[in-house]
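Enquirer: Single-letter residue listing:
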Amino acid sequence: MGGSCHNGVQIRLGRYFAAINVVLPIAAFLSLQAAQLQPTPPARGPYRVDGNRICDRDGRPFLMRGTELAPVTLAPIQSGDLGPLSASALVTIRQRLNMNTVRLRFDATQYGASPAYRASVAAIVRTANRFELLVILSPSLPAHWEQVVADFQSRPDVLFDIADDRAAVERIRAAGVLQPIIAAAGAPLQDGAVIYEVPATYRSTRTATDRSELFGALESRVPVLATGLDPHLDEDSAECSAFPADPAEAARAVTANLDYFDERGISWIISSFRPGRLISDSRYFNGTKLDDGWTCGAGWGMSGIGMLLLAHLWNAHPHGLFAVNGDAGSYLLARGGRVTAYGPIFAERALEGGPGPVLPTSLGNVSVRITDSRGAQHAAPLLYTGAGWSYLSFIVPDAVAAGPAEVAIVRSDRSVSVAHALIADIAPGLASASLDGRGAAKCEAIQRLADGTTRTSPTYQCAGPDCRAVPIPLSRGVATTLRILGTGFRHARSTADFEVTVGEVSVPVLSFGAVTGMPGRDQITVRLPDSLIGAGETDLYLRAGGVLSNVVRLNLGGAR
Amino acid sequence: MKLVFAAALLALSLSAGEAPMAVLGRYLFYDRRMSVNGSTSCATCHRQELAFTDGRARAQGATGEAHPRSSMSLVNLAASRVFTWNAPGIRSLEEQALKPMFSTSPIELGLGSIKPAFLALLRTDPVYRPLFPRAFPGQADPYTIDNVARALAAFERTIVSRNSPWDRFHHGDETAISESAQRGEILFFLDGGPSCFRCHNGSDFTDGEFHNTALNNPDTRKFKTPTLRNIAVTSPYMHDGSIATLEEVVDTYAAGGRARANPAKDKLMHGFPLTPQNRADLVAFLRSLTDDGLLHDPRFSDPWPGTARP
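So the sequences go chain by chain: A and B.
Numbering follows the numbering used here, with no gaps: position 232 of the first sequence is 340.
Numbering follows the numbering used here, with no gaps: position 176 of the second sequence is 1155.
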């Protein structure tokens, strides 16, 4: 665990490009990287502390960029929701918000008393870790640290938060934990591997001087974790009162803090991923914004800083254009894959590019130009454009080089809106029936029955915009394969590049490839093993070439 | 002295390379002698500093008679397919120009009763005498009403407004409009929200169609979607000038119209939730469509010299 962390930014990019097998001409790389979004590095524990830095398992500097999850409860998820602690929520935090850390608060008493509660916490941690998220475990105090540590100390991407229970350090270390421990800032602890948490508010961070006073004494000596910083716009709170009333000024207050943390190498856990904070709902996880104004609890309100955080982590303007994987909603786009650009499209009317295998490169008054990492420009085939401030779907041509790219909506009046994007050979997204990357998977179950006949049925059912996963009647003796639709994985080299998970079970991959006649649409076929019979509604996701997809839902029927 | 000055101005106009027909049209546009009592010109109801509207709820003709409609802005008519508030049959500016000249109910210019005298004036006036042959070369007698209409239409087509802060913002000047206006733009173009762009679309913010905006019951007529360019200087608003401010206009649309039970109400008049911040932002966006250069562009100003203007 010795040695010092490497240089920060270069390493972050270096690791990213290694992960997606991109080789870039150096000049193109340097010219594009300044303006590009940078993927927040995934959790890669175990960690150690080196001076004021946190280092990951490869000895690289690690900054936490995250949010707090809703507290763990055993309450059932509301109908129509995916739930703020669901796999869909966690993968959204990783892929759409581009974060790498979540803080999980839980009730220590329930944790000790209820096996179901304990299992629930464990499941959330397991899922978050699978989705490249570091989990900070924050039990209520007093906590039964011995039990919590025993349950999680083998997980390299879990850190324990003792808050101001300073005596807990010795108890945790005594159990053999080497990971850094998170503690409330105060008198320095004797332990050399502590990350100090500094709760911040908008009242305490109005100016650069305020920020220096709050963080300056610590940041040069020890790793600092800034927390809080949700303006509580739906409450009659002191924090809401202190928040600038003008949305633009308020946005600058938020951004000033984020910029300060970036410059000083300070980790942060800001706000929380639940309706009324970073998101407005538990189904679509729409980011909150400041645009509509707020009343501090006096009237309407679902304002928040969600879109501001997202824009900061995408190195984009919150009112700018975003280009996301057409199925996953993530920042990584694939050659040959479907992409959705949303924001200032300003098409004069909604238009379809299809049907048909040959798509147009302009629809009405808009077209899409992709400038790739080699500087080559490509006209993208268009699937659909909405009118006004809306979204547009297009295909990344296969000829586009991998690496940082610029996606531009070009209008007939010569005005342009630009998004920064990252193109990769493989960037998997799974199609959902509701076309939003969440909920019921857009799959087909193919079953060979005992009598030799074959039955094919969709795994979803929609009534208008509402779709649900319908049970796949699994049973022993009936071979069931699943044809999963998605995008961004046609360039995988072989089935060995895939790791498909259904209900926490890794399932065998039979084939994959592009779907004929459906531009940008890929498919992968897997076999559902008998162990999944009767598993009920569960998650489906995959990794292709090491890159994570979004999470969609299947309903696995049959009697166990 | 007056003639020398006018002729000098004319020479200046022509030397600047302007189309002779539009040059002639500009003089006609500002000429009060086109009205029955010498009180009114086209510019009376279409004032440049007001983006070629008149600031009145309803226009007023030469004899003081009130027009049932508010004056429409004349910017970017070259790109328009329809003209006037509710006459979809008028398909050319030339055709439209005849309407204020000769309408009798109400009287606008009232030219019908002085037509012979006006044509005689055109033949003898030292400004017009050379302008008509230049504008209509080869015609034995170019001093006709048809040519007056053609010249007026040619001038109106030159009135182009494309340099508002919003235009500059979309061509790379990120500081051209306020952050409030940027938020307002999103709302304006947001489907499922106000959806203003469903009618006010294209580079001139008009679909060139006619809609019933549920202003009055039982008025089931449809009125042209006006351009929103320079909307901040064209109050009062709507076809009947019944709304004084942009804020009230936004409120009226948010409410789904003033006469919500109007059976002819356009289905796009669905109303929408509006916070005070949304309203301020939408209005800031609308104000960002003002092309200050147009309002003071000497190419569109009164060419007749000062007090000597006829």
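Possibly wrong hints are sitting among the right ones.
[Unchecked claim] Here are a few chain A residues that face chain B, going by a calculated C-beta distance under 10 Å:
no., residue
1, T181
2, E240
3, G401
4, I453
5, S523
[Said to hold, decoys possible] Label-pair ranges, simulated between beta-carbon atoms:
no., chain 1, residue 1, chain 2, residue 2, range
6, A, N423, B, G1250, 51 to 59 Å
7, B, H1150, A, D544, 30 to 38 Å
8, A, D521, B, H1249, 42 to 50 Å
9, A, D521, B, H1275, 21 to 29 Å
10, A, G483, B, I1069, 50 to 58 Å
11, B, G1250, A, G294, 50 to 58 Å
12, A, S320, B, E1226, 56 to 64 Å
13, B, E1028, A, E321, 19 to 27 Å
14, A, Q569, B, N1196, 50 to 58 Å
15, A, P573, B, F1081, 52 to 60 Å
16, A, T181, B, N1196, 50 to 58 Å
I should point out that these hints are in silico values taken from the structure, not numbers from a laboratory.
Think of the CB as a built atom: it goes at the ideal place given N, C-alpha and C, for glycine as much as any other residue.
Enquirer: Decide, hint by hint, whether the structure agrees.
Expert: Hint check:
no.	hint	result
1	T181	violated, 31 Å
2	E240	violated, 32 Å
3	G401	holds, 3 Å
4	I453	holds, 9 Å
5	S523	holds, 4 Å
6	A:N423 with B:G1250: 51 to 59 Å	violated, 38 Å
7	B:H1150 with A:D544: 30 to 38 Å	holds, 34 Å
8	A:D521 with B:H1249: 42 to 50 Å	violated, 28 Å
9	A:D521 with B:H1275: 21 to 29 Å	holds, 24 Å
10	A:G483 with B:I1069: 50 to 58 Å	holds, 52 Å
11	B:G1250 with A:G294: 50 to 58 Å	holds, 55 Å
12	A:S320 with B:E1226: 56 to 64 Å	violated, 43 Å
13	B:E1028 with A:E321: 19 to 27 Å	violated, 53 Å
14	A:Q569 with B:N1196: 50 to 58 Å	violated, 45 Å
15	A:P573 with B:F1081: 52 to 60 Å	holds, 56 Å
16	A:T181 with B:N1196: 50 to 58 Å	holds, 53 Å
The structure is inconsistent with the numbered hints 1, 2, 6, 8, 12, 13, 14, although it conforms to all the rest.
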